[in-house]
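For reference, the chains in residue letters:
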Amino acid sequence: MHIVDGALSNPVVIGGAVVALGGIAMGLKRLPVERIPAAGVLSASFFIASLIHVPIGPSSVHLILNGMAGLVLGWAAFPALFVALLLQAVFFGFGGLTVLGVNTVLIAAPAVAVHFLCAPVIRKGPARRAAVWGGVAGAASLAMTGVLVAFALALTGDAFVPAAKLVLVAHAPVMVIEALLTGAAVMLTRQVKPELFMKEAWG
Amino acid sequence: MSILASLAPVRTMPQARFGAVDPRARVVLSVGFALVTVGLSELVALFAALAMATGLMIMAHLPVGSTLRRMAAMDLFIFALIAMLPFTTPGTPMFTIFGFEASREGLYHAVQIALTANAVALAMLALLGTMEAVTLGHALHALRCPERLVQLMMFTVRYIEVLGEEYARMRQAMRARGFRPRSNWHSYRSYGYLVGMMLVRAIERSERILGAMKCRGFTGRIPLLERFEMRRRDWQFVAGFAVALAVLVGIEVANVFV
Amino acid sequence: MCLFDLRDVHFAYAGRAPVLAGASFQLHEGERLAINGHNGAGKSTLLRLMVGLLRPTAGAIIAFDAPRQKEADFHEVRRRAGLVFQDPDDQLFCPTVAEDVAFGPLNLGQSRDEAMAQVDSVLSLLDLMYLRDRITHKLSGGEKRLVTLAAVLAMSPAVLLLDEPTNALDEENEARLVEILQSLPQAMVIVSHDPHFRRKLATRSLVLRGGVLGAAPEAAAQCTHAVTR
Amino acid sequence: MCLFDLRDVHFAYAGRAPVLAGASFQLHEGERLAINGHNGAGKSTLLRLMVGLLRPTAGAIIAFDAPRQKEADFHEVRRRAGLVFQDPDDQLFCPTVAEDVAFGPLNLGQSRDEAMAQVDSVLSLLDLMYLRDRITHKLSGGEKRLVTLAAVLAMSPAVLLLDEPTNALDEENEARLVEILQSLPQAMVIVSHDPHFRRKLATRSLVLRGGVLGAAPEAAAQCTHAVTR
Ligand SMILES: Nc1ncnc2c1ncn2[C@@H]1O[C@H](COP(=O)(O)OP(=O)(O)OP(=O)(O)O)[C@@H](O)[C@H]1O
Ligand SMILES: Nc1ncnc2c1ncn2[C@@H]1O[C@H](COP(=O)(O)OP(=O)(O)OP(=O)(O)O)[C@@H](O)[C@H]1O
Ligand SMILES: [Mg+2]
Ligand SMILES: [Mg+2]
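Chains as they are written, first to last, in the numbering used here: chain W, 1 to 203; chain L, 1 to 258; chain E, 1 to 229; chain S, 1 to 229.
Rather than coming from a laboratory, the hints here were simulated on the basis of the structure.
Check before you lean on any hint, since a few could be wrong.
What the hints assert, rightly or not - In silico DSSO-like cross-links for lysine-lysine, where the CA-CA straight-line distance does not exceed 27 angstroms:
1. L:Lys-214 - E:Lys-200
2. W:Lys-124 - E:Lys-70
3. L:Lys-214 - W:Lys-165
4. L:Lys-214 - S:Lys-200
5. W:Lys-193 - W:Lys-124
6. W:Lys-193 - W:Lys-29
What the hints assert, rightly or not - Here are some of the chain E residues that sit facing chain W, going by a computed Cβ distance under 7 angstroms:
7. Pro-95
8. Ser-124
9. Ile-135
All figures in this text were calculated on a predicted structure; none of them were measured in a lab.
Using N, Cα and C, we set each Cβ at its ideal position, and we do this for glycine too.
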């Protein structure tokens, strides 16, 4: 999922950085100081969750869970996921430096989108229905990430179009897994700690 | 969990030549290096950049084996991205595989991307990966990054290890009850519950943290105290680095006009 | 028959001083072995080694009459030896009690219906049916402890490994636990700081000290624990 | 003078059984009061109520000669009564030791230089100067514990509330902690499971059981704790 330095054209990189800055600013504006511990601890949880490898057929994938992050954090997903990506880039050599903005947008923008699409339904109603919508959020956010990655590649040059299509295809099975996992996670949190989704101020 | 421990510097190396270089300078220089390298297009210049990054790796006393293994993991990923380029870029045919024609331009482009990505990642690991995450946060703060973003990062760094250990214990408990991950609904649901429970425990911890902050008179400010000082040696390092970057640009320009 | 046979087991966490330095003991059918030792002595580490969550740096672990070395060797051990963790919160990760207790049976390949039947039978056995549909996270400490025991018993293990099972129990629940454990046929290893609890249950006692297991001076005085803690 | 006076305090977490059901006690100047009780008895809850992190459902909390009810009432209480949390990881939230210890003084309105001077003086007092610039999440359990104590002492409180301060301490660090606490002039409430630690420090003991505080039967025998645990 991480695009590396040098792969994208300059306009795409710069555009990504600008959008990411906007998103981060928006997230920070809605993050009062008293919420920083909660956002930081959640950001750390998502960092760890992203290290979980889940089997899929003979292979395995690592989780992204940007849908869950969006549901829980709302706009704060932008700064929180940016921080996680920054740490991954700097300490694991995963991703790149100039593409940090693009990568943040690829993951955080869908997170915020599903927050507004699905979180209102997840807050109320029976836990089972919330879980279904959680699954929708998990699938939708990953699908959007896939489309955005493909879009960024296609914008960079026609030569990338086949690779972009491949990215979209590769996302499909992972989408299913993220949907199931996010659904189950929402099911649990709705029963155990419904307040997790109640933080209106995150939104 | 060793992977979490690696959030700490790749290796603490007081003996490293620039281990003592001001962290702010290292942040600025790695961004400078990334911007310059991404701007290069001539293979000679890119090779020079990769050589410079390798030099930095050696100067930083990075453990060569594990660093290269990390790079290889990234390269595997890059490969998926660029493998098709020679075949999808129109231009001078070079060779054919299974009837697909590879173009010279496409191959060139693929090599460009691989060199750039490797050079930047290596330099970043050497310059930034060798510093404490906390120091990186302080440096970003000193460089006028928004305070709340830095604080968010500090909390993230602070609790990655704590939550990571919590996660590790829960995974052990699952294994002890015979859990073996497979591709089935039971496994995915269990993982989902695990993630959900991690989040619940995290948010409850954050409530206790906020309580602790209130107990110490929290008034809406979390202070960051850092003391950095650019010394002669730091300026020398910056100057040397700038010269090297200028040389990279020089090689590029010279080759473009040749 | 010898269920567990640990021979000269050594272990150290990465970058730390050794925790175990030649620990040996045998667990036989029908035994209830108590292990005592001060905080940080390595009792939990020892139990984790027995089910292969950690690997010894030297020494041998023989379980159910076969030497166990690789991860695959321990799959069978974990099915037959149930470990109850020191902190119930580490063990309970499902939303409801029923789901948590069903987790083990489902891992053993039982169908959903079989697992649910197993849940009901174990909860009835422990008199915990009233907790069946409760949210695990909201149970009291004592209830959590009893549910973790149920979750392990649901796998019908031949051996129980209990890490400080009286933690978080009030006197009433503790008395209940003692009664339950006394009625169970399984062999047990019981890690406990509580000398009364040990005395009521254990058929044999060992002390973990300096990384090795030695005879417990239980007979010496009622207050041994006060010295060893 | 009476520092704390809790009268018939009741408390229950939302949707749970009551934890406190009429707890009362007084803390006087110069006293070191030990509070004992089994896991989940409500000891941590009691301390959190004392500094207003939770509000009682019934009963009165009188601190420093004034009844305390609203959040604003407790700001002063928190300045004068320093709570050391059970889990040091909850309390050490700043990136470095110096920043963490300075957090309180800065909130009290001290300038950066004053706060740093205070950091140095407290760390010297506890012999912890060598930890000054260390990263908090890389400290050992014992070091974390000592730093949380320093962070609270940096606010010069009149009362210390210590929640299981010997948790995660090895014998050496525990001995050091006892020495430090014995040398401090503050009144203290000490929650601890460890009878030796209590005996070395406490001037009076209470037991929290069934939601109320009662006299500790410490005098009865050396082994009381075995009964009360
Ligand atoms: N995951 C870990 N990584 C590193 N060190 C560890 C880890 N777990 C435990 N330790 C250390 O190993 C030693 C033994 O720990 P262990 O938990 O086995 O002791 P214990 O006898 O169970 O103590 P307690 O009575 O407190 O439960 C301790 O010093 C502990 O700090
Ligand atoms: N935030 C919370 N929400 C709901 N219930 C809680 C919360 N914190 C504690 N409890 C419950 O309240 C009861 C008392 O908890 P408390 O932490 O005060 O006990 P304690 O005496 O400090 O125990 P320990 O010796 O384990 O620290 C326990 O049953 C616990 O599960
Ligand atoms: Mg233990
Ligand atoms: Mg407590």
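Exercise. Is it true that the CA of Lys-193 (chain W) sits at most 27 angstroms from the CA of Lys-29 (chain W)?
Worked result: At roughly 26 angstroms apart (the allowed maximum being 27 angstroms), Lys-29 (chain W) and Lys-193 (chain W) satisfy the hint.
Exercise. Within 27 angstroms, alpha carbon to alpha carbon, are Lys-124 (chain W) and Lys-70 (chain E)?
Worked result: Roughly 48 angstroms between the alpha carbons, so the hint for Lys-124 (chain W) and Lys-70 (chain E) is violated.
Problem set entry | Hinted pair Lys-214 (chain L) and Lys-200 (chain S), Cα distance within 27 angstroms | violated, 31 angstroms
Exercise. Are Lys-214 (chain L) and Lys-165 (chain W) close enough, with their CA atoms no more than 27 angstroms apart?
Worked result: Between Lys-214 (chain L) and Lys-165 (chain W) the Cα gap is close to 52 angstroms, so the pair fails against 27 angstroms, i.e. violated.
For this session: Could you grab the alpha-carbon distance between Lys-193 (chain W) and Lys-124 (chain W) and see if it respects the 27 angstroms cut-off?
Result: holds, 13 angstroms
Problem set entry | Pro-95 (chain E) as an interface hint toward chain W, with CB separation required under 7 angstroms | holds, 4 angstroms
Problem set entry | Per-residue hint verdict: Ile-135 (chain E), partner chain W, C-beta under 7 angstroms | The hint holds - Ile-135 (chain E) has a Cβ within 7 angstroms of chain W, the shortest such distance being about 6 angstroms.
Exercise. For the hint on Ser-124 (chain E), does the least C-beta distance to chain W fall short of 7 angstroms?
Worked result: Hint on Ser-124 (chain E): violated, closest Cβ of chain W at ~24 angstroms, above 7 angstroms.
Problem set entry | Holds or violated: Lys-214 (chain L) to Lys-200 (chain E), with C-alpha atoms at most 27 angstroms apart | violated, 46 angstroms
Checked against the numbered hints given earlier, this structure breaks hints 1, 2, 3, 4 and 8; the rest are met.
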